[in-house]
Amino acid sequence: MAKFKMHMLVCGGTGCRASASDMLYDNLKKEIQEQGLQDEVQVVTTGCFGFCEKGPIVKVIPDNTFYISVEPGDAKVIVAEHAIKGRKVERLLYVDPVNKKKIADSKGMGFYKKQIRIALRNCGLIDPENVDEYLAADGYEAMGKVLTEMTPDQAIQEMIDSGLRGRGGGGFPTGVKWQIASKVSADQKYVVCNADEGDPGAFMDRSILEGDPHSVLEAMVINGYCIGATRGLIYIRAEYPLAINRLKIAINQAREYGLLGKDILGSGFDFDVEIRYGAGAFVCGEETALIHSMEGERGEPTFKPPFPAQSGYLGKPTNVNNVETFANVPVIYNKGAKWFAGIGTEKSKGTKVFALAGKINNVGLIEIPMGITLREVIFEIGGGIKDGKKFKAVQTGGPSGGCLTEKHLDTPIDFDNLLAAGSMMGSGGMIVMDEDDCMVAVAKFYLDFTVEESCGKCSPCRIGNKRLYELLDKITKGQADKEDMDNLRNLSMVIRDTSLCGLGQTSPNPVLSTMDNFMAEYIAHVEEDRCPSGVCKDLIRYEIIPENCVGCTACARNCPVNCIAGERKQLHTIDQSLCIKCGACLEKCKFNAVAII
Amino acid sequence: MTKIKSLADLKKMKGDLQSKIALREKSDKPEGRVIVKVAMATCGIASGSKDVMEYLVDELDKRNIDAIVSQTGCMGYCYAEPTIEVTLPGNEPVVYGYVDIKKADKIIEKYIRNQELVDGIIPVNYQTIEKDKEE
Numbered sequence: 063m064a065k066f067k068m069h070m071l072v073c074g075g076t077g078c079r080a081s082a083s084d085m086l087y088d089n090l091k092k093e094i095q096e097q098g099l100q101d102e103v104q105v106v107t108t109g110c111f112g113f114c115e116k117g118p119i120v121k122v123i124p125d126n127t128f129y130i131s132v133e134p135g136d137a138k139v140i141v142a143e144h145a146i147k148g149r150k151v152e153r154l155l156y157v158d159p160v161n162k163k164k165i166a167d168s169k170g171m172g173f174y175k176k177q178i179r180i181a182l183r184n185c186g187l188i189d190p191e192n193v194d195e196y197l198a199a200d201g202y203e204a205m206g207k208v209l210t211e212m213t214p215d216q217a218i219q220e221m222i223d224s225g226l227r228g229r230g231g232g233g234f235p236t237g238v239k240w241q242i243a244s245k246v247s248a249d250q251k252y253v254v255c256n257a258d259e260g261d262p263g264a265f266m267d268r269s270i271l272e273g274d275p276h277s278v279l280e281a282m283v284i285n286g287y288c289i290g291a292t293r294g295l296i297y298i299r300a301e302y303p304l305a306i307n308r309l310k311i312a313i314n315q316a317r318e319y320g321l322l323g324k325d326i327l328g329s330g331f332d333f334d335v336e337i338r339y340g341a342g343a344f345v346c347g348e349e350t351a352l353i354h355s356m357e358g359e360r361g362e363p364t365f366k367p368p369f370p371a372q373s374g375y376l377g378k379p380t381n382v383n384n385v386e387t388f389a390n391v392p393v394i395y396n397k398g399a400k401w402f403a404g405i406g407t408e409k410s411k412g413t414k415v416f417a418l419a420g421k422i423n424n425v426g427l428i429e430i431p432m433g434i435t436l437r438e439v440i441f442e443i444g445g446g447i448k449d450g451k452k453f454k455a456v457q458t459g460g461p462s463g464g465c466l467t468e469k470h471l472d473t474p475i476d477f478d479n480l481l482a483a484g485s486m487m488g489s490g491g492m493i494v495m496d497e498d499d500c501m502v503a504v505a506k507f508y509l510d511f512t513v514e515e516s517c518g519k520c521s522p523c524r525i526g527n528k529r530l531y532e533l534l535d536k537i538t539k540g541q542a543d544k545e546d547m548d549n550l551r552n553l554s555m556v557i558r559d560t561s562l563c564g565l566g567q568t569s570p571n572p573v574l575s576t577m578d579n580f581m582a583e584y585i586a587h588v589e590e591d592r593c594p595s596g597v598c599k600d601l602i603r604y605e606i607i608p609e610n611c612v613g614c615t616a617c618a619r620n621c622p623v624n625c626i627a628g629e630r631k632q633l634h635t636i637d638q639s640l641c642i643k644c645g646a647c648l649e650k651c652k653f654n655a656v657a658i659i
Numbered sequence: 179m180t181k182i183k184s185l186a187d188l189k190k191m192k193g194d195l196q197s198k199i200a201l202r203e204k205s206d207k208p209e210g211r212v213i214v215k216v217a218m219a220t221c222g223i224a225s226g227s228k229d230v231m232e233y234l235v236d237e238l239d240k241r242n243i244d245a246i247v248s249q250t251g252c253m254g255y256c257y258a259e260p261t262i263e264v265t266l267p268g269n270e271p272v273v274y275g276y277v278d279i280k281k282a283d284k285i286i287e288k289y290i291r292n293q294e295l296v297d298g299i300i301p302v303n304y305q306t307i308e309k310d311k312e313e
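In order, the protein sequences belong to chains A and B. With the first sequence counted from 1, adding 62 to any position gets you the working numbering. With the second sequence counted from 1, adding 178 to any position gets you the working numbering.
So here's chain A without its partners, still in its complex pose (with noise of 0.2 Å):
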């Protein structure tokens, strides 16, 4: 057997094959063919390392360089210079934004210093497609020492004492779930994954599934076992190709180990996983919409109780558990519960995976131990704002979620202290704005969104959401009056206090939270017909300031409408009536002389 001195991680996660990194991985394994390296150097794809930023990432073993925005034509120059020579290729490090020097660990990122990564332990570390290397990484060991070695009880409270609570959104204990389930006698139970997210600008259910999909399915089969079920469902929506690819490798590897089907491990335990796809629709994230969806009907919430745990999917008592919370499973076993419940704040354990995006200089993927507070997550692991501009606001928790300020940059992050603090954990994203973002504009793209995946059962979200889009829209027109000010604040508690589900019960919170924390841009929009942050079109013009301008042309010929004129070196005007406030002469003016008035 080749004994690899050098192993190069390639990321394979969706974000970094965009940006063509599966022909990176090829370019890569042919060069280190021609070199004759094919059994010192090993190339492997991995699962996502979180920089998303800067894909595609190439990660270097033993020394741990980390080349981001690595092109297929750069496979050359890596095996040349660093496989053949040892010499890094300095232009494809990472440079530090606050220092501007060059890190060539990825230790020394600040990205990566204040993570601790449970439940992405083997994204970038594995490969996801071959289950030999799972197992090398503890693997099926915490399943093996549950069926074998723990009674469904015994590994039911090790669940409850460490504290996992569910990271889909809703945070109800999870040990506590399996208990009921497990209490509930039946003739058969089901144990379900939502893979179904849902919140825009989140993916960390996907990177799991694409980075270490055998976890998932590794902490299937202990729920299973916990309550008695022995068929696994995994609900996933089907705009998710490669994690869907990647789970059946995954099932199909794990049936032909036996991890999977009968008498696993010689336990006499039975339990098998299948497939069902989702179209899709926010809703079904929501665990009595999927249940029904998954039985062909409408995915349509309906009232609990009876929960899921009681009365689920087919009538059968079920467990519908979240991705992430899945993948904290096996180590939880592993390492112990008094292990995990070290980590975290009182009554949040362990860590959360967040979805970093928006106006912030490391976009990507991080787990972070409850606690940390905001200010860390976006100026140390978040690199702070881009172009220097002024931190505004983060929304955190999607569109049920809330927006927090600056007062609450030093709130530790847990379930119960984002929820005090007006927004939510929710599945965790977590979208940074900069003094440019308007927040009305903000609170009506979160309705836009809304109103679109209301399943459309109950009255107060279907009509109240669409409504609440309605005022907004006034509200950005410059349209509306004090009257519309109440009237969405009203509405918005009608709207929270009487819906169905989750959906419409959080649907209000981007308004609410925005008026709470920036009434003042409200007020601006109502009463002054003004947007401070220059972004409603329908109360800002883009003004030439003739000091500045030095007639180069650059504006007139890039609008897009001709409405543009003046000749070189002269004044250049704009005309009002034909403008429609694209913004392309602001971008492409070097003199400051184009101004949003």
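If you are wondering where the hints come from, they were derived from the structure by calculation, not from laboratory data. Glycine included, C-beta positions come from ideal geometry on N, C-alpha and C. Treat the hints with care, as some may be off.
Below, simulated DSS-like cross-link-like pairs (lysine-lysine); rule was C-alpha separation at most 25 Å, straight line [to be verified]: (1) A:Lys650 with A:Lys631; (2) A:Lys207 with A:Lys65; (3) A:Lys324 with A:Lys245; (4) B:Lys192 with A:Lys324; (5) B:Lys192 with A:Lys65; (6) B:Lys228 with A:Lys164; (7) A:Lys65 with B:Lys183; (8) B:Lys228 with A:Lys400; (9) A:Lys397 with B:Lys190; (10) B:Lys183 with A:Lys397; (11) B:Lys183 with A:Lys400; (12) B:Lys192 with A:Lys207; (13) A:Lys175 with B:Lys207; (14) B:Lys181 with A:Lys324.
Per label pair, the in silico range of CB-to-CB distance [what the hints assert, rightly or not]: (15) A:Met85 with B:Lys189: 34 to 40 Å; (16) B:Thr180 with A:Val139: 39 to 45 Å; (17) B:Thr180 with A:Lys310: 55 to 61 Å; (18) B:Glu232 with A:Met85: 51 to 57 Å; (19) B:Lys189 with A:Gly135: 54 to 60 Å; (20) A:Asn307 with B:Ser197: 48 to 54 Å; (21) A:Lys409 with B:Ser197: 49 to 55 Å; (22) A:Asp498 with B:Glu232: 52 to 58 Å; (23) B:Lys189 with A:Asn314: 47 to 53 Å; (24) B:Gly254 with A:Met85: 32 to 38 Å; (25) B:Thr180 with A:Asp158: 45 to 51 Å; (26) A:Val139 with B:Gly254: 51 to 57 Å; (27) A:Val612 with B:Gly254: 48 to 54 Å; (28) A:Glu468 with B:Lys189: 36 to 42 Å.
Add chain B to chain A, keeping to what the hints say.
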């Protein structure tokens, strides 16, 4: 593929497979491990550093020493190639020159195992840019 029939089987398999990703796991946590860097520029390779590196990788593994062996570029001591830099946990790095297989064996046995210095150390006679800046 054969089925895995028991937890004991699973553990045995893991033992066999572990070496596949051991290098990755080790590199993730370099703390407390011996780090050996072999200079592998043209000058090093011409003087036989490839064989030395291979020898180090195999022998450290055989002698059960928890080490990470990686290659690096030219350290500037082209006259003394092959050169290797050895960092014991908690110690400053030490650079050895003229390392052939015999010398490598000596370094493993004397320096890495017992922290006894071996002949052929190249003293540090340079400052890095970072250090200059700090001062």
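Here is what the structure says about each hint:
1. A:Lys650 with A:Lys631: holds, 16 Å
2. A:Lys207 with A:Lys65: violated, 31 Å
3. A:Lys324 with A:Lys245: Status holds; Cα separation ~24 Å.
4. B:Lys192 with A:Lys324: holds, 21 Å
5. B:Lys192 with A:Lys65: holds, 17 Å
6. B:Lys228 with A:Lys164: Violated, because 28 Å separates the two Cα atoms, which is more than 25 Å.
7. A:Lys65 with B:Lys183: violated, 28 Å
8. B:Lys228 with A:Lys400: Cα-Cα ~47 Å, so violated.
9. A:Lys397 with B:Lys190: Holds. Lys397 (chain A) to Lys190 (chain B) sits at ~19 Å (cutoff 25 Å).
10. B:Lys183 with A:Lys397: With Cα atoms ~23 Å apart, Lys183 (chain B) and Lys397 (chain A) stay inside 25 Å; holds.
11. B:Lys183 with A:Lys400: violated, 30 Å
12. B:Lys192 with A:Lys207: Distance of about 14 Å is within 25 Å: holds.
13. A:Lys175 with B:Lys207: holds, 13 Å
14. B:Lys181 with A:Lys324: Given that 25 Å is the threshold and the Cα spacing comes to 11 Å, the pair holds.
15. A:Met85 with B:Lys189: 34 to 40 Å: holds, 39 Å
16. B:Thr180 with A:Val139: 39 to 45 Å: Holds - the Cβ-Cβ distance for Thr180 (chain B) and Val139 (chain A), about 43 Å, lies within 39 to 45 Å.
17. B:Thr180 with A:Lys310: 55 to 61 Å: The hinted range 55 to 61 Å is violated for Thr180 (chain B) and Lys310 (chain A), with Cβ atoms some 21 Å apart.
18. B:Glu232 with A:Met85: 51 to 57 Å: For Glu232 (chain B) and Met85 (chain A) the Cβ distance comes to about 31 Å; the hint is violated.
19. B:Lys189 with A:Gly135: 54 to 60 Å: For Lys189 (chain B) and Gly135 (chain A) the Cβ distance comes to about 44 Å; the hint is violated.
20. A:Asn307 with B:Ser197: 48 to 54 Å: The hinted range 48 to 54 Å is violated for Asn307 (chain A) and Ser197 (chain B), with Cβ atoms some 28 Å apart.
21. A:Lys409 with B:Ser197: 49 to 55 Å: violated, 41 Å
22. A:Asp498 with B:Glu232: 52 to 58 Å: Since Asp498 (chain A) and Glu232 (chain B) have Cβ atoms about 56 Å apart, the given range 52 to 58 Å holds.
23. B:Lys189 with A:Asn314: 47 to 53 Å: violated, 23 Å
24. B:Gly254 with A:Met85: 32 to 38 Å: holds, 37 Å
25. B:Thr180 with A:Asp158: 45 to 51 Å: holds, 49 Å
26. A:Val139 with B:Gly254: 51 to 57 Å: The hinted range 51 to 57 Å is violated for Val139 (chain A) and Gly254 (chain B), with Cβ atoms some 22 Å apart.
27. A:Val612 with B:Gly254: 48 to 54 Å: Given a distance of about 51 Å, which is inside 48 to 54 Å, the answer is holds.
28. A:Glu468 with B:Lys189: 36 to 42 Å: violated, 52 Å
Violated hints for the displayed structure, listed by number in ascending order: 2, 6, 7, 8, 11, 17, 18, 19, 20, 21, 23, 26 and 28.
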